[in-house]
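Asker: Okay, here's what each chain looks like letter by letter:
Number of protein chains: 2
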Amino acid sequence: MEGKIKRFREMIKEKKTIDSMLALLQWDLETQAPKGGYKLLSEMIGELSLRSYNLTTSEEFLEILTELKKQKNIDEITKREIELLEEEIEKIKVIPSEEYKLYSELTAKAQGIWEMAREKNDFESFAPILEQIFNFNKKFIEYRGVKDDIYSEILNDYEKGMNVKKLDKFFEELKKEIVPLLKDIKENKRDFQKKIKFQVSEFEQRLFSEEVLKYIGFDLERGVLSESAHPFTLTVNKDDVRLTTRYLEELPFSSVFSTIHEGGHGMYEQGVAEELKDTILSDGASMGIHESQSRFYENVIGRSKEFWCGVLGKSKFKYDKLSELSLEEIYKGINEVSPSLIRVEADELTYSLHVMVRYEIEKGILSGEYLIKDLPKIWNDKMYEYLGVTPKTDSEGVLQDVHWSCGLIGYFPSYALGNVYSLQILNAMKKDINIEGALERGELKIIREWLKEKIHRYGKLKTPKEIMLSVTGEELNPVYYIEYLKNKYKNIYN
Amino acid sequence: MEGKIKRFREMIKEKKTIDSMLALLQWDLETQAPKGGYKLLSEMIGELSLRSYNLTTSEEFLEILTELKKQKNIDEITKREIELLEEEIEKIKVIPSEEYKLYSELTAKAQGIWEMAREKNDFESFAPILEQIFNFNKKFIEYRGVKDDIYSEILNDYEKGMNVKKLDKFFEELKKEIVPLLKDIKENKRDFQKKIKFQVSEFEQRLFSEEVLKYIGFDLERGVLSESAHPFTLTVNKDDVRLTTRYLEELPFSSVFSTIHEGGHGMYEQGVAEELKDTILSDGASMGIHESQSRFYENVIGRSKEFWCGVLGKSKFKYDKLSELSLEEIYKGINEVSPSLIRVEADELTYSLHVMVRYEIEKGILSGEYLIKDLPKIWNDKMYEYLGVTPKTDSEGVLQDVHWSCGLIGYFPSYALGNVYSLQILNAMKKDINIEGALERGELKIIREWLKEKIHRYGKLKTPKEIMLSVTGEELNPVYYIEYLKNKYKNIYN
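In order, the protein sequence lines correspond to chains A and B.
Following this note's numbering, the numbering of the first sequence begins with 1322 at its first residue and continues without gaps.
Following this note's numbering, the numbering of the second sequence begins with 1322 at its first residue and continues without gaps.
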């Protein structure tokens, strides 16, 4: 038996190394590679993905898994790894390996094409590859024997237990509460934002972003901050966690909030227990829990008055202009409700409506109700219906997000789940910590330590449900989120 | 036979893919990786180097080589590949694979240690690993059965036909001619440089560096420019060639000349014929020829009056301050002779003396005459003897170059060879092109095309000697270089 466990660990180590290498190639592709390099990088990514696939579907590996599963006295970590691997293998083994490779190459290539299409506002050049990506995703689910409700199966992959029925209900509730609130606010429209719109050079924004990252507790010795068209977090391993942001010279707070958001993801990855490092449990429990961390830092922390009170007093570098503004002006500026076209620039209140647009579109394509070629129009219609705004170009409409080009169909709802979880978590944290005081004094370490202790260190050792139960005593419950939004925005717009 | 050739091409393709991946990991390590990532990256580099090693020393590969070698009617490219592979294998197969892997891991790790040592001016923390690197290099040569004159064998690896005897003679000659000239100039010392020392932000320097790169003909669609402690060029493949430079805010020309130097290397790599892309002939003929291209662009082109006449007239972005300077002021500023501590900041005249210091030290360590622990003193003594300057810290002395930490023992003389070749090449080019006119009119394309036609496109298909003979009609001949230096500097310092 010991021999089996040893071989199991070796094979896992090999898989982890391939995955780290894939992460590095992906990182390079999105942050530095010249156009001429896309082809080779895509090929390499395809080959490595195939190797990773072959490894976990090899007969030797499957045999070892079966053997280990029979053992009674196996340690908790290995047990959980086997459980997750079996789930993964069940999903993967039904996919012909050649198709898996084609799909990996396709998504690697798609990002270059998406970037170009977005730059040139040319949806048509992206449509064929987008269609292929959706088709692959559909086909992969069908290989499991699933015929109806493909989307529920996809949602369940991202967040175990989630399905269309639950999410339909959740968005319905959100719509019912937020739309009237948004209507009230629109009637009472104010230009809080103009105070916080000023020119700051990319260079200074970078300095401030790094300063804020350190301030919230992200370890820059074990991570970097770079730039990309769409901010993301990518983990090589827990000692090398990479974030990107993007700098808009006229909107100096945009990069700060992107950075804080990715910093929330990054601290989760950095905070995983050392003993999980060489296991497949070394990252976040689910996309929803991951987003709860990023949205917690971005909104609950980052858009609070107390946080900026601390930043102004404690951080070493900040924009010169900030000293001319009152705390109230900053607070209202970063919390103005103003339905926007771009999701990543959206205010906290309307954010989930952006998610809803994407949710409904994914659902419609996968059910066959919508056609890819009609997406620009469908997108624009929904934006008008829910947010009252219409994109002038597809670059600020259907082409704005990187997700679909990466194959991340079904990811968007995680952002909304993350919002809901983050407020449940805040509610629990309040029982242990005087959060407002900690923020005002710039003591963000207490908050990160609490999250690390309760959530981060477990990685995938616990399920999302187990985490939410142990931390908050409840499963998904939107009530805190909705109450928080109502209170916060009624107060700001009195 | 066709089957053999097909299998040979497959294995070469695999080797090329591993090498490209190694290049990407190396690039990441030196430009972006956080400290926490060094360990895993070094391990990965070690493993991939081992795979590359195992591939070209596998029985299957060696058998195919032997078979192919017997064939008469094999194409010219494959023939040359076999020739080079056999040379490489002869050298490599005597090294035990475990040692090869250890060495690769060592040099990967050494760069982080060197960088830290340089930053903290702490030679002692670097000395043990430097000693190991020299020992490995010595041992690897000894495995070939070479006992005496290890250094000649190393020099010959970089530039076929080179040895200590030839280089001793060459440096002797250079010393004889340059030292008196330098003495004259020192007596007539002038501060030309103060005119071109002004503050320019890193951001603007980056813009100008990119502009100059495009101006000389480097293709930024098939390459990138980034930053690192020590500028270098790294090729993923001919469509993805990566350069770095470094920005010193008070010396705005420093980054420009580093960029032009690396651009010369980069254009060589980008200019290799398409048909060599998937072969092992796809990079430069030798280090000496490679340096001839970088030094040609940096000095012969970049430090000429005509080049700056063209730049001032034609390039879209330049430092504001440049318009306040006369062409003569710029020309004298960038050509002031002022013995410096740092090789990469050295003027054209004293540059080869910096190389001589390193040459003599490498020779001394390998012969056992010098000990690693004494290097700081030996370095400083030689700097004083040849250049009349003494480093105040090891960071600006023995710790200044990245080369040794990468395992590049024996590389430095290539810079001096490159200088000599570059003037031989200029002399040949003059017969075909009105170079001064082309530079003044900003038509640098003609120059790159000439070099591409005569040198770049051949990659390693020709030997350095064949290239020099076909382009200039002569082998190494320092007379043009020495004459050029004498004329140029007598003129500047009349």
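Some hints here could point you the wrong way.
Note: identical chains are not told apart, hence a pair may lie in one copy or across any two.
Mimicking BS3-like on lysine-lysine, the simulated pairs with C-alpha atoms at most 30 Å apart in a straight line are [what the hints assert, rightly or not]:
{"#": "1", "residue 1": "Lys1325", "residue 2": "Lys1360"}
{"#": "2", "residue 1": "Lys1337", "residue 2": "Lys1639"}
{"#": "3", "residue 1": "Lys1751", "residue 2": "Lys1535"}
{"#": "4", "residue 1": "Lys1327", "residue 2": "Lys1430"}
{"#": "5", "residue 1": "Lys1422", "residue 2": "Lys1337"}
{"#": "6", "residue 1": "Lys1773", "residue 2": "Lys1356"}
{"#": "7", "residue 1": "Lys1422", "residue 2": "Lys1504"}
{"#": "8", "residue 1": "Lys1360", "residue 2": "Lys1535"}
{"#": "9", "residue 1": "Lys1337", "residue 2": "Lys1430"}
{"#": "10", "residue 1": "Lys1507", "residue 2": "Lys1412"}
{"#": "11", "residue 1": "Lys1507", "residue 2": "Lys1391"}
{"#": "12", "residue 1": "Lys1811", "residue 2": "Lys1325"}
{"#": "13", "residue 1": "Lys1441", "residue 2": "Lys1635"}
Please keep in mind that the hints were generated in silico from the structure rather than gathered at the bench.
Just so you know, these numbers come straight off a predicted model, no measurement behind them.
Asker: Evaluate each hint against the coordinates.
Answerer: Each hint tested on the structure:
1. Lys1325 with Lys1360: Close across copies (27 Å), not inside one copy (39 Å); limit 30 Å.
2. Lys1337 with Lys1639: Neither: 39 Å inside a chain and 47 Å across chains, both beyond 30 Å.
3. Lys1751 with Lys1535: For lysine 1751 and lysine 1535, only the intra-copy Cα distance (23 Å) is at most 30 Å; the inter-copy one is 57 Å.
4. Lys1327 with Lys1430: between (37 Å within a copy, 28 Å between copies)
5. Lys1422 with Lys1337: both (18 Å within a copy, 20 Å between copies)
6. Lys1773 with Lys1356: Between copies, since 22 Å is at most 30 Å while 39 Å is not.
7. Lys1422 with Lys1504: neither (48 Å within a copy, 66 Å between copies)
8. Lys1360 with Lys1535: For lysine 1360 and lysine 1535, only the inter-copy Cα distance (22 Å) is at most 30 Å; the intra-copy one is 36 Å.
9. Lys1337 with Lys1430: Cα proximity of lysine 1337 and lysine 1430: in one copy and across copies (23 Å, 21 Å).
10. Lys1507 with Lys1412: neither (46 Å within a copy, 76 Å between copies)
11. Lys1507 with Lys1391: For lysine 1507 and lysine 1391, neither the intra-copy (61 Å) nor the inter-copy (83 Å) Cα distance is at most 30 Å.
12. Lys1811 with Lys1325: neither (61 Å within a copy, 77 Å between copies)
13. Lys1441 with Lys1635: between (42 Å within a copy, 28 Å between copies)
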